[in-house]
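Required output: the full structure, derived from the provided sequences and hints.
Protein chains: 4
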Amino acid sequence: MDKNLFAVTPPMGWNSYDYYDTTVDEKAVKANADYMAENLKEFGWEYIVIDIEWYAHEAGSKRDKYQYIPFWGVEMDEYSRLLPDPERFPSSKGGAGFKPIADYIHDKGLKFGIHIMRGIPRQAAAEHGKILGSDMLACDIADPSNICFWNPDMYGVRPRLSGSQAYYDSIMALYAEWGVDFIKVDDICRMDMYSAREEIVMLQKAIQKCGRPIVLSLSPGPAKIEQAWHYEKYANMWRITDDFWDKWELLLNMFERCELWQNHVNPGCWPDCDMLPLGQIGAAFGHEHPTNLTYPEQVTMLTLWSVFRSPMMLGCELTKLDDRTLSLITNADVMRLLSCSCGAEQVMRNKEQAIWKTFDIEEDAVYVAAFNFRDNDSLTVYDENDCTFADEEVTELLDEPCRELWTGREYDSLRSALDDTVEAHGARLFRI
Amino acid sequence: MDKNLFAVTPPMGWNSYDYYDTTVDEKAVKANADYMAENLKEFGWEYIVIDIEWYAHEAGSKRDKYQYIPFWGVEMDEYSRLLPDPERFPSSKGGAGFKPIADYIHDKGLKFGIHIMRGIPRQAAAEHGKILGSDMLACDIADPSNICFWNPDMYGVRPRLSGSQAYYDSIMALYAEWGVDFIKVDDICRMDMYSAREEIVMLQKAIQKCGRPIVLSLSPGPAKIEQAWHYEKYANMWRITDDFWDKWELLLNMFERCELWQNHVNPGCWPDCDMLPLGQIGAAFGHEHPTNLTYPEQVTMLTLWSVFRSPMMLGCELTKLDDRTLSLITNADVMRLLSCSCGAEQVMRNKEQAIWKTFDIEEDAVYVAAFNFRDNDSLTVYDENDCTFADEEVTELLDEPCRELWTGREYDSLRSALDDTVEAHGARLFRI
Amino acid sequence: MDKNLFAVTPPMGWNSYDYYDTTVDEKAVKANADYMAENLKEFGWEYIVIDIEWYAHEAGSKRDKYQYIPFWGVEMDEYSRLLPDPERFPSSKGGAGFKPIADYIHDKGLKFGIHIMRGIPRQAAAEHGKILGSDMLACDIADPSNICFWNPDMYGVRPRLSGSQAYYDSIMALYAEWGVDFIKVDDICRMDMYSAREEIVMLQKAIQKCGRPIVLSLSPGPAKIEQAWHYEKYANMWRITDDFWDKWELLLNMFERCELWQNHVNPGCWPDCDMLPLGQIGAAFGHEHPTNLTYPEQVTMLTLWSVFRSPMMLGCELTKLDDRTLSLITNADVMRLLSCSCGAEQVMRNKEQAIWKTFDIEEDAVYVAAFNFRDNDSLTVYDENDCTFADEEVTELLDEPCRELWTGREYDSLRSALDDTVEAHGARLFRI
Amino acid sequence: MDKNLFAVTPPMGWNSYDYYDTTVDEKAVKANADYMAENLKEFGWEYIVIDIEWYAHEAGSKRDKYQYIPFWGVEMDEYSRLLPDPERFPSSKGGAGFKPIADYIHDKGLKFGIHIMRGIPRQAAAEHGKILGSDMLACDIADPSNICFWNPDMYGVRPRLSGSQAYYDSIMALYAEWGVDFIKVDDICRMDMYSAREEIVMLQKAIQKCGRPIVLSLSPGPAKIEQAWHYEKYANMWRITDDFWDKWELLLNMFERCELWQNHVNPGCWPDCDMLPLGQIGAAFGHEHPTNLTYPEQVTMLTLWSVFRSPMMLGCELTKLDDRTLSLITNADVMRLLSCSCGAEQVMRNKEQAIWKTFDIEEDAVYVAAFNFRDNDSLTVYDENDCTFADEEVTELLDEPCRELWTGREYDSLRSALDDTVEAHGARLFRI
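Protein chains in written order, with our numbering: chain F, 6 to 437; chain B, 6 to 437; chain H, 6 to 437; chain A, 6 to 437.
Because the hints were derived from the structure by calculation, they are not lab data.
Please note: incorrect hints may appear among the correct ones.
If chains are identical, the list can't say which one is meant, so a pair holds when it fits in one copy or spans any two.
[What the hints assert, rightly or not] The calculated DSSO-like cross-link candidates involving lysine-lysine, where the alpha carbons are at most 30 Å apart (straight line), are: (1) K325 with K214; (2) K356 with K214; (3) K356 with K229; (4) K70 with K356; (5) K104 with K135; (6) K356 with K67; (7) K70 with K135.
Below, the structure written as C-alpha cells:
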C-alpha cells in the first residue's frame, strides 16, 4: 500500500478535544457524527475523531488538580492493549471495542478516527503484562526513562526489540478490526529524544501489515523541519505547531510556521496547523465559551489553512454551531482550495501584512490572499518597487479582474482589490 | 527569466581555490581551460571558475601570517567596483576586465565563472567612494558592523537603501558585460545574521536586470534547512557544508548532510557538497600534495555526489591529473547520473553503512548505492527483517540482476551484489 | 599595587551618557562637577566620568541616522592614540589632553574618569599608524574581524603580539599623565568572542605599569558568571546587565541578576547594575524627560543597589535635579550601606515579592529589605512555614523592633513591619 | 545547626560504587571499614559510604541488560521508605535497618554514609503508599513526569505540598535513627529541570529537623555555576563533573572545571571532583582491573584534588590496595593540604600545562603545583614576560628554595624547580 494514497487531499473533520477534553463519550460522538452527515459532509468534512484517554477510568473527574489523573486505572486487555472505558462507551463492552461506533459512523458515509499515546501502558509494565505474538513482556519492551512529559499513561518502547514491533502490530490489527480509518498518535511528532523517530517507522510498518489504509497523523508539534523527509516517508500529517487555541498571537505565529513548511505540502504529506477553535469550545476544560477569535481573525485562520492546505479538524461541539460560523466552513469556493489548489507560496511577510498566492489545478485560476496583521483596519499595500517585497508573478497579475471569496465582491483589477481596506487581523482571498 | 532554467542539471567544472588559493592568475586559468576542453568536456565538465581575491594586490604574498592580507590595496574602479588585479591578469588592463579571459573560455565551448565576496569594499567605504546609478556613497550603504569573519575585504550593505540595490545592479551589469556565466558569492549562504538573506534577493534581482542567465552559487555552508525555500526561490546552488577537504571525517559527515537535503534536489535548485579535492591540490596553501583520500574514499565521494546530484567542481590542477583519477571523473556511466537521474533517497544509514537508491529518468533503471563506513573491508549486509532498516522498494529488487558501475562487474541478483565485500570506506554503485 | 585597594567601597559618581550621549563637552563636565562638589560630595558621590566618543569629530550631528557616525574623523596623535575632540574640549588643545579638566575636578576634591572603547582606532589601522614603544604598526596589531557590533570606531587587538601590550601601555601612560582616576572600558565585559578576555589582562597590566591606581570598570554586560574569577582577578567593576534605563521591566529583571552575583561582592570587586536613570535624562537622544520610573520604583532601585552594593553612577544632568530626587540620593542612612554593610543575601524571591538581608559591619545592625513586584499596593507577607520561603536568620528577627530608612517610620517588631502595605513596585528598607 | 560546621574540611573516605556497582553487601562494607580503620584513618580518611540501590532486590543480577533492573522489587516499609535489601544486608532484618552497620563503623572511629536517589519510589506511587506524618499518599506527592533518566526507581516529589516535606522529614528521621553521618543524594545536582532545586532545600530542612549533623552531598554533576549560591546555602558538597573514571581525557577536563569553581571552595562548601578511581576497580561492572591511569596521572589527580581541596572518596576495593597506591594516599605532606590550605588559585592554563598556587593556613608556606598536559616528558616553563601567563605573586617566589612533596626532592629555587622535567601527564607539587 502506498501511504500517500491514504490521504490525497488534506483530511477534514471533527475532533473531540477542544470541547470534551478527556470526557468524550459515545453519545457525544454519535451526535456530532449525525450533525456532520447532515450539514457538513457535502463540503468535504468527513472524519469523526475521538481524542485523548478514551481508555481511562474516571477521566476528567479530578480536573481541578490534574488533566490526566496519574497512577489511576485504565481499561486493558490481556495483551497490554488499551480498550474503550466501558462506562463512557457502553457499546464497547464484551470485547466489541470501538467496532459498533465505527460501524455507526461508516453507515453515515463518514470516517472514524481515534487518538493514541505513543508507547505501552505504564500499568502493563508494572504488572509485567503479555504481548500478542511475542514471548516478551511489557516490562521487557517498556523503557522506564522514555516518558511523555504531560501525560502519565505510557512508556515508550525499546526500538530494536522484536516485541516492540509485535506490540504495535497487535494494536494496529485491533484497530483495523474495529474499522479505524485514522489514528492521531501523540507524544511522537517533536521526536525530541528517545525512540519517537523509530516508533513512527514501526507504526507505518504496522499499518502496512494490518492491511487497512489507516491515515497516520502525528502530534504534537512543532515538527522538526530537518526531519521533513522522515515525516514525508512514513506519515500522512504532522503538526507544525504546539497546541493551537483561540488566541491571535498563536494565529499570527502560524504564518511563520507556514512559511517554513510551504515547500513540503504534497498529496499524502500534510503539514498540520492543528484544530480549528471555532464555535463553542472549552466545556470540559471548565470554561465553555464561544471562540475568542474575532470574525476577521476567523477569516484569516480559514484563509491561511485553505491556501496552505492544512488538514482541518473542527474542535467545537457541532450541534451548537451558530449560522455565521457555519457559513464560514461551508463556503464552497474557499473549501475548494483544499482539494483543488497547489503550489502555494508566501509572496511576502513583514510585521504588518502578508501575501500568499496559489493555483487552481482544475481551472485556470490564481488565488492571492492578503492578510492584515495590524491592530486596526488598514490598506494592504503591495509595493511593486520594494525589492524585498515584490514578486514578479504577482506584479504581472495586477491588472487582472478578480473576485473576493469571503465577501463575493468583484474588482476591476487586483491592484484595486489590494488597495481596499482590510479589517484589523482580517484577510482577503482573491480569485483571478 | 526563470532562474531554474540557468542550471537544469548540476553544474560541473573546475575551480581555482583548492590548488591556487588567492594566487590564481591568467596563465593558470587558460591552462586549465585548455585541458578541460580537450579531455573532460565530453563528460559534462564545462565551468571554469576563478575563486577568491582576484582583485587583491600582492595576494598570497604574506601567506605565513595571513590568508587575506588586511588593510591592503585592491583594484577598484571609480564606482567602488572591484576589478581584476592587473599584475596577475594582464589582459584585464585598460578597462577590459575579465572580458578577454571570458572570450577565451567561451571560444573553447566552456563557461566562465568568478567568485565574489558579499558586500562593498571596506576601502570604498573608508574613501567615501561613489556608486553607479545612485546619489548615495559607499559609506552610506556600507554597514560597519556587517563583516565577514574570515576575510577582511568587504562590508555588507544596508538592505533597504536604494543605493544598495544600485550597487549590486552595477556589479552584475559589469559581469554581464564581461561575459560571466556563473558567480559564486561568498560569506552569504549561512545567513547567520546581518543582511545576507536580503543580499541574496538583491543579487537575483540584479541578475534578472542584467539580462544574462548567470548561475547564482552561494557559499559557504552549511546552508540552513529552515531557509530551504529561500534558497530555492532565489539561487541555483547553495553549499550544505563548510569547506570540504580531503579528510575521511568530512566525507563521512557529508552523508548526514545529504540525508537532510535529499528532498530538496531539483532542476535549478542544487544543494552543493563543495569542491572535489581529487588529484593534486594545496599548492598555494604551502603544501602541494596528492589528495589524502584513498582510492575507495574517492569512489565513495563520487558515488555520493552522483547519486545525490551535487554540483561537481574539481579543485585540482587539471594539467597534473593522473590516469586513475582521470578515469574516475570520465566514467560516463556514473557521470550520467548527474543529468539523467532523479528521486534519490537514503534507504538506511547507521554507523557502519548506508544505502541509497535513485532512478534513471530516460531509461527504465534503478540505481542502488552501498557504502561501507567501517575501517576494514566488509560485507554490506541488507537485512530484510530489520524494521528500522528495510525498505520495501529495495526488498522488491533483491532478485534482479545488476551491474556495478565502477568495476563493471555483473551480478545475478542485487542480493548477491549486496553480499559482496566492499573496501574500507569504499562504495558500490549498482544499476538494475 | 593591589587593584582591590583602588576601590574598597563601590564607586559613586556621575556619568555623562544618559543625558549627553556622544555630545558631552567641557562646559557640561565642569557644571556637573561644580554641583557635585557642592551638594553631593558629603554623601559619598565623587566620580565625574566622561562617557563615549569624546574623541569623535561632529559626534551627534547625524543623530537621526546614526548614534555613532561610521567612517568619520576622530582626533588622534601620531601614535594611534585618541585625543579629546578640540571643538568640544577646547582646553585639550596643544597637547594638553584631559589634564586641564582633570585638574579642575581634582581641585574640587573629586575624581575624574573617562570612557574608552576596547581596541585601536579603525582609522589608525587603515592609515598604518605607529605605536609608541613598538616597531609594529596599527595594521599589524588590529584584527579586522574583531569589531564592536554597535560602535564603528575600533578594531580589537591581537592578544599575543608585543605591540598590543605596548599600545595599551601607551594609552594608559597618557591617561595617568592626564590624571585619570577611573576608566570605563566598553565592548569588553561580555567577552563573547575575540580577545576581550585577554584585553582585560592587558589593561590591568598597563595600569600596574603606569603607576597610578586607576579603577578599571568593564562594560557592557551581562558579564558571564562562569568568568567571575577572571573579573575578580583583573577588574574593579563589571556590568552584570546590558544598558539599564528607566523601565520597570529592566528593574524587575535586575533582581535575577543580583541573585546570581550575590556571593561575588567584595572590596575591589563590584558587580555593577549600571547607571541610575534618575532626574532629567535623555536630552541628546532627542527626548529629554524626567525619569519614567515612579517614585516607588526609584526607591526600589536605590534599595536594591544599596543592599547589593552596586556601584552608583548618576545618569542625569545634576544641575536640573529636583528636590525629591535629591532627597533620595542624599539619604545618609541608606547611602551608608555602600560603605558600611556586607554579606547581603537574597532570602527569597518569587513573582510577587523579594526579601533581602544584609549586615552593618561597624554597628551591630541587620538590614532587611522587602520589595513588592505586584502592580498594586500590597502586603509583603513573610511566611515562616513555607519551606521554599522561610530563612531561619530572618525568622529569628521577627520580634525585634526596627526602623524603615526611607520613611523614618518606627515599628515594634519586624513582623509588623513586614505586614505593612508597600506601594506597587515599591520597597521598604528596615534597620534592626 | 550551621550546616557549614558539618564538614569544615573536605570529606575523605571510601565509596562502594567504583568496585561494587549495585552489588555492595554487608561483608564488603565491613571489610573496607576494617582496612580503613587500620591503615588510612590517621591520614584523614574516615567515611564509609554505601552507594546505589542498597534497597533493590536482586540488584546486579541482569547486568548484561540493565545496570538497574526496571519494574523490579524494592525493600520498603509501610511509609514508602526504602530499607536495606535483607539478602545483602542480613543485619538489617527485623526493622534494624542500617543501624547495626553504622554502629560497627562508629566503633572503629569512622563515619557512615549512604546514597539515595532523589524522590519517592515509583512502586510506592503505583501502590498508593502512605507517608509518615501526613494524610497525603505517595501517589499525591509523586510527579509522574519527574523522573531520573538513568535510574528507574523513583519519582521526584511535588515541591509545594506539605506531604513532600513530610516524606523527606520521615526518611531523614529514619537515617538519623540509624546513625547516618553523610548522605549522597543522586539525580539532584544538575537541577536541569523539575523540582531538584526545591528538593535540595527540603533535604536541608529535613536534616535541620532530624537534629543530626548529616553531611549533604549532591550528585551527579556538572553543577551549574550560576546556582553556586544555592549549593553554598543548602549543601556541603556538589559534584562539578559527571561521573569521573580512570581516563586521561576526563582528568584533563577536570582542570577546566576547577578553574570555574576555584573561588567557591570554603568550609562547609566543597565543589566535588568525584571519586578517585585508584587501585582495583570495576569488578561488578564486569571488568575488574587496576586503574587505567598511569602513575604520573595518579599524581596529577591527587595533586589537583589536594590543591583545589576537592572531597576525596576512594573508589577501589581497599583490601586489594597495592603498596605504591597506598603510599600515594598516605603521603601526609600532600594530604595535609585538604585540611590546612586555602586560597587556591589557577595561575595559568593552556593546552600544554597549568600552574596553581595555594597557601598553608597554619604554617607560613606557599604551594605551587605544575602540571604537564603533553604526551611526552617535558619542561614546565614559566614565562615571566608573557602577559597572559605571568602572575606577580608567583614571579616574586622564583628565587625561593622549595621541596617537591611527591619525590621529596629539594631545590635551590622555585625557578630551577619549575625548569625540571615532568613526566607525560604528570605533576609536581612544590612547597616554598
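Intra- versus inter-copy proximity for K67 and K356 (alpha-carbon distance at most 30 Å): Result: close only across copies, 27 Å inter versus 42 Å intra.
Tell me, please, which holds for K325 and K214 at an alpha-carbon limit of 30 Å: within, between, both or neither? neither (40 Å within a copy, 57 Å between copies)
Evaluate K70 and K135 at a C-alpha cut-off of 30 Å and name the case that applies: within, between, both or neither. Only across copies: K70 and K135 sit 20 Å apart there, 32 Å inside one copy, limit 30 Å.
Which holds for K70 with K356 at a C-alpha limit of 30 Å: within a copy, between copies, both or neither? between (39 Å within a copy, 22 Å between copies)
Within, between, both or neither, where K356 and K229 count as close if Cα-Cα is 30 Å or less: both (24 Å within a copy, 22 Å between copies)
Can you tell me if K104 and K135 fall within 30 Å by alpha carbon in one copy, between copies, both or neither? Within one copy only: 23 Å inside, 41 Å across.
Which holds for K356 with K214 at a C-alpha limit of 30 Å: within a copy, between copies, both or neither? between (48 Å within a copy, 28 Å between copies)
Going through the hint list in order, the structure does not satisfy hint 1, though it satisfies all others.
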